[in-house]
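Colleague: The primary structure of each chain is shown beneath.
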Amino acid sequence: MQAGDEQALGAFYDRWFPVVSGVVARILRSDGDVEDVIEETFWQAWRQADRFVEGRGSVQTWLLTIARSRALDRLRAAKRRREESLDEPGALDAVSAAPDDLPPSSASDPSLGVERAERRRLVLAALADLPGEQRQALELGYFGGLSQTEIAEQTGQPLGTVKTRMRLAMQKLRERLAVLREDTR
Amino acid sequence: MTREMSHDEAFAALGALAIDALDPDERAAVLAHASTCLTCRQELAELREAASSLAYSAPAVVGDDTRDRIRGRLLARAAADDRRPSAQASREHTEMVPITIHWGRAGLFAAAASILLVVSLAVLGYVLRDRARLRDAATVQTAQAARERTTNDSLRAAVLSRDSLLAGITGRDVAVMTLTTAGTKAPFAYMFWDRRANTWTMVAHNMPELKPGRTYQLWLVTASSKISAGTFQPQNGDALVRATYALPAADLKMLAVTEEPAGGVPQPTGAMIMAVTAGSH
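Chains as they are written, first to last, in the numbering used here: chain W, 791 to 975; chain U, 269 to 549.
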């Protein structure tokens with residue numbers, strides 16, 4: 791894709807669409823916004839492919855950072871327009887959602903669906919192992935785009951408590967998901 | 269001005285930074301520290317990797333129609349994109365060739381020679397770029413083929429494993445036993461014993477979470493011995509245990525699961541979690 795090959799873009803899109811669309815849909819609610827942001831995420835990846843440097847991080851981290859940033863930008867813009875408070879994304883949704891709610895397969899390669907389902911199972915298991923309040927802090931930060939201060943305000947917990955919960959949650963998550971690290975490059 | 273932050277302070281805030289949940293001042297202070305601290309940079313990279321995996325917890329809810337629609341638009345945009353990386357490189361190369369020709373009579377031959385040189389360089393550049401493109405494409409194709417081979421092998425293994433599992437629980441000679449214990453939300457399990465293939469497939473539920481350094485161990489108990497059929501660690505209370513062991517049908521007296529030190533033990537030592545007596549089914 792770095793060479794500007796459209797076919798490579800197509801393969802890249804097929805590979806990453808499920809997880810990108812999942813995180814974007816989880817952050818946003820409007821179908822139109824979701825579709826726009828997914829397209830713009832891959833467009834940005836295409837245009838900035840030459841800026842990706844292997845070794846500085848994985849493709850997964852790079853692409854999902856783009857997707858999440860774009861989705862949160864859209865969410866915040868909509869919030870500003872409507873002057874509405876954030877509708878909490880539902881801290882337990884992800885944890886209670888069964889792996890079975892995945893579509894049966896990826897567009898072109900069923901093995902990608904299997905791989906994604908396995909990753910999802912591991913991540914959900916890691917989240918399920920966290921105490922509820924740690925998981926909530928993590929999900930409000932990641933999917934809600936809230937800062938620790940905003941999380942403290944929204945949950946009514948002291949800022950120090952929120953910081954501790956987030957730190958512990960991230961440490962545990964990193965340990966539990968270390969097995970995935972080698973596979974994301 | 270960014271305040272200076274100690275290593276311990278910055279290190280403790282890296283998790284929040286990884287999901288971009290720091291307030292701007294704190295974020296700037298942590299980043300300033302990390303820019304001079306290799307330990308923090310490495311920790312941050314790992315935490316960002318873990319944070320990005322959170323995306324997998326979101327269910328994939330966008331349908332195939334939407335997927336295909338976006339794909340079509342995206343590829344059409346890419347095809348029409350004259351600012352794509354390869355087009356940019358091509359344009360930059362063209363723009364880099366400085367052609368300044370002074371059309372004086374004395375310079376006529378020199379100008380012609382210059383044009384020839386420029387054309388030759390352009391052709392050479394094109395050939396070299398084309399060669400590099402072909403080489404890159406070949407590399408990508410080779411890597412793709414290797415990935416596909418690996419994927420095929422993995423899929424084949426997964427299918428074989430699934431077939432074997434199905435055979436182990438649905439075969440004509442499979443006996444089914446239920447392992448239970450008393451109490452609400454008590455653990456229970458179904459054991460499928462294929463007496464012809466000598467396979468044992470146990471599906472357990474509601475297993476209590478183990479403490480670190482502990483494991484569950486499955487036992488086939490006969491009148492004269494207690495045979496270990498393997499150890500297992502449940503995920504969210506569930507476990508699938510498979511073993512192969514030839515045992516005459518009449519010899520089995522009991523199936524039992526005990527909690528033992530990690531790695532298992534030759535003979536059961538820990539508390540019995542659940543059991544079933546042979547012949548009770």
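Please note that the accuracy of each hint is not assured.
Said to hold, decoys possible - Calculated lysine to aspartate or glutamate pairs in the EDC-like style (CA-CA distance at most 16 Å, straight line):
1. U:Lys494 with U:Glu527
2. W:Lys869 with W:Asp919
3. U:Lys479 with U:Glu527
4. W:Lys962 with U:Asp519
5. W:Lys962 with W:Asp919
6. W:Lys869 with W:Glu940
7. U:Lys479 with W:Asp863
8. W:Lys962 with U:Glu527
9. U:Lys494 with U:Glu477
These aren't lab readings, by the way, just hints derived from the structure by calculation.
Colleague: Hints numbered earlier in the text: which of these fail when held up against the supplied structure?
Modeller: Per hint list: 2, 4, 7, 8 and 9 violated.
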